[in-house]
Amino acid sequence: MTSLPQHRTAKKLGLVIDLDVCVGCHACVISCKEWNTGAYGNALSDQHPYGEDVSGTFLNRVHSFEVVPEGGQVIGEAGDARVVHFPKSCLHCEDAPCVTVCPTGASYKRAEDGIVLVDEDTCIGCGLCAWSCAYGAREMDLAAGVMKKCTLCVDRIYNETLQQEDRVPSCVRTCPANARHYGDLGDPASDVSVMVAERGGFDLMPEQETRPTNKYLPPRPRTSLASAAPMIPLAENTEGARGFFAWLDKTLDRI
Amino acid sequence: MQTEPYIALSEPVGDEIRKTTCYMCACRCGIDVHLKDGKVRYIEGNRDHPINKGVLCAKGSAGIMQHYSPARLQAPLLRTGPRGSGEFKEISWEEALSLAVDWLKPIRETAPQKLAFFTGRDQSQALTSFWAQNFGTPNYAAHGGFCSVNMAAAGIYTIGGAFWEFGAPDWDKTKLFVLFGVAEDHDSNPIKMGISKLKKNGARFVSVNPVRTGYSAVADNWIGIRPGTDGLLILAIIHELFRNGQIDLDYLQRYTNAPWLVIDDADKEDHGLFLRDDLGKALVRDRKTGALVRFDEPGHIADLNADFITDDGRKVRSVLRLMAEKYLDPQYAPEAVAKETGISAATIKGLAAEIARVAFEEEIILNQPWTDMKGEQHDVMIGRPVTFHAMRGISAHSNGFQSARALHVLQTIIGSIDCPGGYRYKPPYPKPATAHPRPHGRAEHVTPGKPLAGPHLGYPLGPEDLLVDAEGKPQRIDKAFSWEAPLSAHGMMHMVIANAHAGDPYPVDVLFLYMANMAWNSSMNTRGTIKMLEARDEVTGEYKIPKIIYSDAYSSEMVAYADLVLPDTTYLERHDCISLLDRPISEPEAACDAIRWPVLEPDRNVRGFQSVLIDLGARLKLPGFVNEQGDALYKDYADYIVNHQRKPGIGPLSGWRDADGLGEGRGTPNQDQLKNYIGNGAFWMKHIPEEALYFKHHNAAYQQFAIDTGFFDTPQPVTIQLYVETLQKFRLSALGTRNPVAPEQYRKRLLECFDPLPDWYRPFEEQGVDTATYPYHAITQRPMAMYHSWGSQNAWLRQIHTKNPLYVPGGICDELGLKDGDWAWVISHHGRIKCEIARTDAVNGKTMWTWNAIGKRSGAWALDKNAPEATKGFLLNHLIHELLPPKADGMRWSNSDPVTGQAAWYDLRVRIEKAEAGEAISEPHFGTLHRPGNQPEPAEQLRYGQEWAK
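Going down the list, the sequences are from chains F and L. Here the first sequence stands for residues 8 to 262, where the numbers follow the numbering used here. Here the second sequence stands for residues 8 to 957, where the numbers follow the numbering used here.
Quick caveat, the hints were computed from the structure, so don't treat them as lab data. Note that this is a predicted model, so its numbers are computed, not measured. All C-beta atoms in this analysis are idealised placements derived from N, C-alpha and C, irrespective of residue type, glycine included. Check each hint, because a few of them may be wrong.
[Unchecked claim] Simulated coverage check for chain L against chain F, where a stretch passes if three residues somewhere in it have a Cβ under 8 angstroms from a Cβ of chain F: (1) 15-27; (2) 320-333; (3) 447-461; (4) 521-530; (5) 799-806; (6) 859-873.
[As the list claims (entries may be wrong)] Mimicking DMTMM-like on lysine to aspartate or glutamate, the simulated pairs with C-alpha atoms at most 25 angstroms apart in a straight line are: (7) L:Lys853 x F:Glu73; (8) F:Lys257 x L:Glu368; (9) L:Lys826 x F:Asp191; (10) L:Lys275 x L:Asp720; (11) L:Lys381 x F:Asp260; (12) L:Lys46 x F:Glu167; (13) L:Lys204 x F:Asp260; (14) L:Lys207 x F:Glu167; (15) L:Lys60 x F:Asp260; (16) L:Lys60 x L:Glu23.
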């Protein structure tokens with residue numbers, strides 16, 4: 008068993024993911040892969056990369072699924088099925104079961120900023136943490152035999168060799184739709200906390216009681232086109248073009 | 008509480024950053040390539056770059072895997088087995104180039120048209136067209152004919168611009184954005200960034216697309232239109248705007264041909280043409296004085312409501328009156344088009360009302376004085392913040408030209424072309440059709456041993472500009488610019504192999520292709536195309552297309568059908584220029600161009616194709632490639648980029664010209680130019696002055712900027728052509744009242760499809776098949792994480808899309824008892840395919856779809872022969888014929904737009920049947936290709952970057 012920090016961390020670094028603009032392009036997925044395959048810990052390996060049963064280790068994946076709303080908010084035109092692109096990586100939970108389940112202490116939550124990490128030198132690859140994670144956010148690297156997970160790009164965010172503006176996770180740096188935001192969710196005045204408050208950011212599966220740090224922003228409310236205010240018709244009858252020409256003459260005389 | 012382990016937090020990313028231009032798709036983003044120990048450590052977006060401003064898509068980040076792909080060709084290849092076997096031997100470059108010269112030189116000296124040179128998704132058309140022109144063959148084009156020429160041609164003829172490279176929404180200021188079908192894989196970062204801005208600004212985003220994927224998923228309103236009916240929807244909106252008087256009369260009067268006078272004199276050769284003066288200038292009636300004046304004369308107000316008989320007795324009407332008469336017809340009412348489009352009248356009316364409300368009630372006024380081309384001073388810039396964007400969803404139909412025209416007309420009547428919040432041109436556009444060249448390729452343009460008399464491609468202004476002989480027969484191998492496809496401004500690459508195989512209009516000797524996967528996903532009727540490439544003359548035993556030279560960087564399916572393969576480099580190993588003479592990367596606020604340069608040296612015996620082409624040009628002694636002594640003018644492509652001048656002072660790159668490097672647009676070659684580009688992040692950008700930022704088509708300051716920067720030598724303002732006289736000239740030819748008279752068999756089509764005002768007609772395949780037998784549509788969608796067929800060789804990207812199911816609407820699944828994972832036969836008038844299905848409700852109910860080009864031929868792209876791409880993946884191409892079903896008269900027309908020749912990919916009609924239980928392998932399935940040459944075995948496992956593990 009491994010302990011969480013004795014006191015809840017004041018600083019809670021994490022991500023805010025905006026489902027209103029995520030178009031499911033997978034930019035974050037691949038940027039994460041390329042940064043992290045040469046960064047903290049072992050490379051992110053790929054098995055049979057050109058073969059029949061290709062697979063590989065990713066710390067961030069986008070799941071796309073379809074929802075047919077039954078009642079509730081009508082999205083766009085009535086009755087439409089909705090497509091949701093849902094990026095998912097470690098949510099750096101405050102009550103992280105993946106930490107407390109670890110038999111060696113390899114899985115830990117940093118006291119300084121709340122990032123959940125795996126110390127690969129002491130990880131024995133037993134996989135208990137992945138079983139305990141409600142979100143399926145950990146992946147065993149088959150080549151290294153150790154558990155891999157989102158590090159929040161810990162080797163970017165404090166990296167003094169990078170320009171200040173680049174000291175963000177690779178997925179945030181690259182996201183073309185600006186759907187990913189990074190910051191301190193423990194500070195109510197931070198940009199990300201304000202965003203969560205204003206947009207009704209929510210926890211993923213709160214019933215799991217893991218108190219995830221990462222938050223998701225829901226789609227903004229939408230109104231149907233059919234409910235748009237109708238145009239005010241011309242006084243002239245425009246059946247055929249005659250009335251239009253009368254309107255045209257009248258209007259041109261005013262220009 | 009244990010102690011936390013030490014972590015190295017401040018390691019440098021790599022040893023060095025080299026900034027270049029991405030080529031994981033055609034978007035051309037700026038990238039920072041971090042190198043470590045001579046390998047690529049990390050690729051990220053260049054924050055300073057005008058296109059992507061720091062962001063990068065999945066493809067761009069996966070560039071590492073593309074660069075190290077096991078599918079990379081290793082050396083020049085000479086075919087040893089039969090075509091299609093994939094059996095080759097590696098040869099030296101000297102052998103390869105000598106052989107190419109042996110094949111090409113006799114052709115040039117005797118019959119240059121026997122070379123067909125077509126390039127695929129390259130970005131060096133300024134060079135390839137220059138080479139082909141100097142070779143002298145009329146048979147050259149790039150891939151636009153099977154891509155999006157409808158959008159480009161409709162745009163140029165109408166507004167002197169189009170979308171993507173030609174123009175973009177004013178993302179910062181627009182308040183309503185309507186997106187029609189676009190490929191979601193390229194031009195994608197700007198669109199994603201733009202959508203994000205819209206959302207932040209509270210603008211409404213409407214997506215019109217049969218399929219609800221990527222962008223449509225986050226749209227405020229998704230309109231799941233029936234394929235091929237976009238034009239009808241747009242005309243219904245135009246109907247609504249006319250009916251409610253929601254059009255910008257001031258804009259129409261000033262900047263468009265709405266007040267131009269159309270002659271009404273049936274049976275005369277100028278019926279439907281513009282009333283012009285002796286100098287050929289179109290005339291309008293001054294509303295104040297009633298006098299006829301030239302449209303561009305200062306000081307008048309043109310009468311939009313003109314309908315009168317001139318002093319000479321000519322009956323004339325203004326274009327706007329013709330438009331009102333046409334579009335107020337009840338056939339365009341929302342109620343009338345609801346069934347055909349699958350969109351409720353209430354939704355169409357709501358969309359029209361929103362367009363009107365935002366355009367006129369949310370008007371933007373910028374306090375920026377400017378002067379128009381008539382010299383009139385304006386105190387402010389008035390914006391109508393409604394924008395549209397579209398590409399292949401509209402254009403890849405046989406009615407796509409007219410539908411794209413309709414969209415440009417819609418933008419124009421609300422006054423949103425190049426205004427604040429509206430559509431904005433990107434330099435060097437606007438450029439009207441008249442400022443583009445006419446096509447060359449008639450017999451009198453072709454002389455053995457000499458260059459072609461002028462550029463191959465251009466914009467015909469009437470039937471007199473067609474490339475046909477006295478009998479009206481086509482002169483190009485693809486039949487571009489013939490009566491069959493008169494305005495085929497980008498050529499018709501999709502017809503080249505079929506026509507060359509048939510020897511119609513004549514046989515060719517050498518087919519020379521670059522980066523075009525014609526033996527697979529880039530052809531309609533893939534199986535038939537393969538057979539044509541393999542076909543031999545029954546008497547001589549020689550291949551019907553005798554020699555095929557192909558250049559590609561990777562072992563694509565097409566490689567197996569080449570006789571001689573010239574292996575290209577990866578995008579990180581080469582020089583390139585993204586030129587204003589070609590497909591530029593400008594932004595609405597700045598003229599831009601860019602380069603690629605070898606950030607890594609090739610580790611194989613490969614050469615950049617453009618350098619090879621320049622070498623071949625010199626060996627063939629082509630003008631432009633050798634000096635008077637016959638010595639090579641350029642060492643390689645880099646040398647050409649710097650030193651080639653298209654005309655004095657104008658070269659491939661606009662930045663850092665003149666010896667001092669201070670020249671922009673114009674200037675003598677500067678030997679440090681590439682160094683200057685590299686120092687600036689591989690791009691150049693010149694900002695447009697504030698007073699020239701909008702209304703570029705009529706803005707005197709912008710026109711001066713365009714001249715100063717070398718786009719033009721004289722001003723080229725655009726009067727937006729709502730009514731396109733060129734189209735009417737073709738109808739007059741069809742009526743037989745104007746010369747040249749159209750051949751009999753084309754007349755009906757010309758009359759039906761060449762309406763000079765945008766029109767809608769039923770797509771040809773839908774007209775030609777029994778829609779009860781083929782009740783559904785089948786289309787492809789581009790996955791954002793893949794680019795055409797390229798992505799599957801990429802170890803990371805292929806894990807996102809390893810196979811492609813056919814997504815079938817829930818209603819059809821219920822009717823046929825289909826469920827996820829079932830296999831089905833999909834049948835068209837031409838063929839049948841077997842594939843795995845997945846249920847969806849996020850789609851137009853009559854439309855099934857799949858991801859484009861995931862299906863691969865077994866053995867291609869260095870994938871295992873049993874890779875899911877080959878066993879479960881599939882192409883819709885097998886269902887699409889390059890010809891339409893036969894008509895009663897036995898004629899078979901090309902499956903293309905009758906105006907531009909654009910391939911009508913999305914016209915496909917199908918039925919679907921549950922497949923019997925059997926092998927779970929997609930059909931048709933082809934034999935496994937050998938891996939060409941001495942490619943290394945692909946790795947069983949990758950641990951990229953493990954040596955850097957900390």
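Cross-check of the supplied hints:
no.	hint	result
1	15-27	holds (count 6)
2	320-333	holds (count 4)
3	447-461	violated (count 0)
4	521-530	violated (count 0)
5	799-806	holds (count 6)
6	859-873	holds (count 4)
7	L:Lys853 x F:Glu73	holds, 18 angstroms
8	F:Lys257 x L:Glu368	holds, 21 angstroms
9	L:Lys826 x F:Asp191	violated, 45 angstroms
10	L:Lys275 x L:Asp720	violated, 37 angstroms
11	L:Lys381 x F:Asp260	holds, 22 angstroms
12	L:Lys46 x F:Glu167	holds, 23 angstroms
13	L:Lys204 x F:Asp260	violated, 40 angstroms
14	L:Lys207 x F:Glu167	violated, 31 angstroms
15	L:Lys60 x F:Asp260	violated, 48 angstroms
16	L:Lys60 x L:Glu23	holds, 20 angstroms
The structure is inconsistent with the numbered hints 3, 4, 9, 10, 13, 14, 15, although it conforms to all the rest.
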